[in-house]
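Residue strings, one per chain:
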Amino acid sequence: MKSVLRTRREFLGNCALASLGVAMPQFLVHTVDAAARETGWEAGSPDPLPGFADGRILVVIQLGGGNDGLNTVIPIGDDAYHRARPGLAVPAGSRIGIDDATAFHSALHPMMRLYENGQAAIVEGVGYPNPNRSHFRSMEIWHTASDSNRYEREGWIGQYFDNCCSGAPDPTAGIFIGSELPQAFTGSRGTGIAFETPENFGYIAAGEVDSPERFRAVNRTDLRAGNESLDFLRAVTDNANVSADRIHAIASRVRNAADYPRTPFARDLSTVAQMIAGGLGARIYYVPLSGFDTHAGQPGAQARLLGEFAGGVDAFYRDLEKFSLSDRVLTLAFSEFGRRVEENASNGTDHGTAGPLFLFGPSVRGGMAGRRPDLVHLDANGDLIFTTDFRSVYASVLEDWMGADAGRVLPKRFPKLEILKA
Amino acid sequence: MYSPLEPINPAVWDEGKARHLLNRAGFGVPHELVERLARLEPAAAVSLLVDYAPEADLPPEPEWLEIAPEMRAGRDELRRDLRRMRDGGGMDPAEQERIQQEFRKRRVELRRAQRENIERLKSWWFRRMMETPHPLQEKMTLFWHGHFATSAEKVRSPGANYDLNALFRAAGTGNFKLLTYEVCCSPAMMLNLDNARSRKEHPNENWARELMELYTLGQGKYSEEDIQAAARAFTGWSTDGETFAYRSGVHDHGEKSFMGHRGNLNGNDIFDIIFARPDTAEFIASKLWEFFAHEDPEPVLRRQLGMTLYRAGYELRPLLRKIFLSRAFYSERAMGTRIKSPVELLISMVDSLELSLKDDALVEAYLLFAMSRMGQNLFHAPSVKGWPGGRTWISAGTLMSRYNASSFLTQGIISEGGPELRRRVIRRFRDDPAFRRSLRQRRMQMRRGEGGSGMASTSMEDESTGADSGEGLSGFELPLKPLDVRQYFARYDGNSTFEVVEALAERFYVLPVNESQLREFVQALEQDAPGREVFHSGSWPEKSLRGTLHLMMSAAEFQLC
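Chains A and B, in that order, are what the protein sequence lines are. Residue numbers for the first sequence follow the numbering used here, beginning at 1 and rising by one. Residue numbers for the second sequence follow the numbering used here, beginning at 1 and rising by one.
Some hints here could point you the wrong way.
Stated by the list, open to error - Which stretches of chain B does chain A cover? Using the computed rule of at least three CB atoms under 8 Å from a CB of chain A, they are:
1) 98-111
2) 150-163
3) 204-217
4) 381-395
5) 516-522
Keep in mind that the hints were calculated from the coordinates and are not lab data. Bear in mind that the values here come from a model prediction, so they are computed numbers and not experimental data. Don't be surprised by glycine CBs; every beta carbon is placed ideally from N, CA and C.
Please construct the entire structure, taking both the sequences and the accompanying hints into account.
Here is the structure:
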């Protein structure tokens, strides 16, 4: 592995950046002219630097709280559904009919353009063996891709950056829109940056006394090296400054090309689209939307959230289409578990197990996928038995979309799904 | 070549080494203590830190700790009703629904109260770390907190979290075998690793695995069969929520084979077998070395450390004394190379600025928020592996958070925008007309897209609905600053600006800085006060004073101790 001390400034000479076809910020031009220098990244190496060689991007949307899959992708033809939910079954007026067996919650209607164009896939029954019904623990399982009886520290995205990407670590290769990087990003190379808004990220000066220029001057990497820890800190500072410059430049230069709904989630996706259009070069973006823990009063809450979700995703892809970048972006939306088959006495549902997972993008093989879980033959707790292990989805995304070896990320081999168009 | 654990030569003992010892064995460096330790012989200085009486000065349990028992009783009563409902039936559906809703409401209330108390506990402990008479006691509490890591996300009871913390404090420099045993039996650990529900029909392997992998032997020193046997041996070791409870009926009394020993083994036997192995001593002694001295000790050093602990029957003080007195502890590899953990960093800021946090709830709230942002949310270990420390603290984002955190203390600037912090700031200053004016101006700036992305900020909606989320507070300057900066700088009156900056560097850093860095600091200090030969705090531009402090704490050197 190359020394981590090679800074981002040094390897930005990577000419593949230009291949994304996006105009480069002026301040980077002089660095690229120095590209003749050896950068440590070999063109054509089997593990390309993230985001550069194939230009493909993954966006992960985390629907936090446990979305009720059965009222999202509704098994309308199944008597067991109506028997279990005399009060909570989605009425005909709130459904979008797909076929005799299936309807979607009507709040998903902003997503229907993508679905009808074959750019949305829904994998039903996604879960894992020996499911855990605690938010904290189940989310940890999805983040670390571990078996449910094992505890891992590293996240699957962190493992991807550590084990499947070579060259100097680029902190902006992974972006989380929020305040703290989630466990999915935990790895050994410190890849990943979290910010709520682009302005949030970076050194904040009060004024001219503690100016960004002075800040950089006191942390120059060519100062007499005190010790390895100090060298390391200065290298990371330098990387962070370069990243902050790029993020701020994109935020001030790039305007979204589509209209987004006025919701916080849509705003976050608009930031992602801005970064993509601006050529940040991040490989993976991660955006949370929480509130799905509908123990009570589910109909109103879930409708609002599904609407926020679908409205955001629709605007996001419209925006990317205007930049001609949509075919580069695959979006995966998951929830840490589905909910119980039976409704509870509070017009809601309690924590369950398997649920539907969404994939979006022009490259996606659109339509219904996976196998619908059986509503009658349930597990010992009366919950759905999963039919697709979520690690299979990760494996498919890692290998078929990102060209990585899933064996270097996941604890064992999982059968893949056909998620992409032929 | 010297033996690394050979004691340091008293002739080379000086203030720099005393300071290093205090930084590592404690949290911050009060200057009087450095001078005092420097005047002693090294062995006496180390003894001052290590040989405090463990039972003395233990803080009392906070009165606010326990959630009102009526809250819990109310919820439990409803839970019983629900169970009766489910088993017996025959209850009116409307009544059922009422009970379900009531139960849910009580549970939400209880959970909220528990979360609030855990937050208070974080505050309580942070203060203890800053104010303790025995720095090593708190440093070891922090070490065990990361070694035997649990999370309040899973262990919700503030009492259970407190009890474990108190155990680390009281027994943290005692006997490691005994400590591990007590931790095993603590409700917090029982719940965190699910041993509370482990029974012979279905032994839970969680505790058994982590006991060996994380707490005693380390990976690769046991087999999967050993884990299974140990899991069986620990069945029935449980808790009633408050204390240890042994459930003989679910304990597996059968024959087991564990690490070459065969018999009707129970948990006590597992402990004895594990601790009879010198590997256990080497594992924990090396981890302590990495925590206090430097990373990656060589195999020879690991063995020596292990032997020291093993021969002392797992008593920790002889090992600690040896570590703190050793030449290797004061080597170039150890001195000035440790990246401060978030809590150490923040305490060092408070100490360097001589801030007294007696009444400042806001400052405390900010510090705890910043600590979490930097990756150290106390009582909420991100995984069972705790916080590995060292370079894992540092990523582009967390490092920026570190540089920005000092901006709050020196300049009153809120650099990050977490919703909870924003809410507290708004709550605290909502009646201040100057604050409201500044906030309005700031929001108008953001709406106009100045310095922003041009997207309409949701603060517009918030203003119209009256709900205040504090959006747009990033970079916002508070009218009241935590630091009285003129008072702080007064001691440097009469010196040249260069001397002032040199003195601050001496105070802030354990490593020498470059000429070019010093020049930057001097230029910062002289900003808006050009040509002034002699420093005078009373008439110096305040922004230059504050900005210089922020700049100096934003040099990478400040991250090291």
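Query - In rising order, the numbers of the hints this structure does not comply with - result: Hints that this structure does not satisfy do not exist here, as all of them hold.
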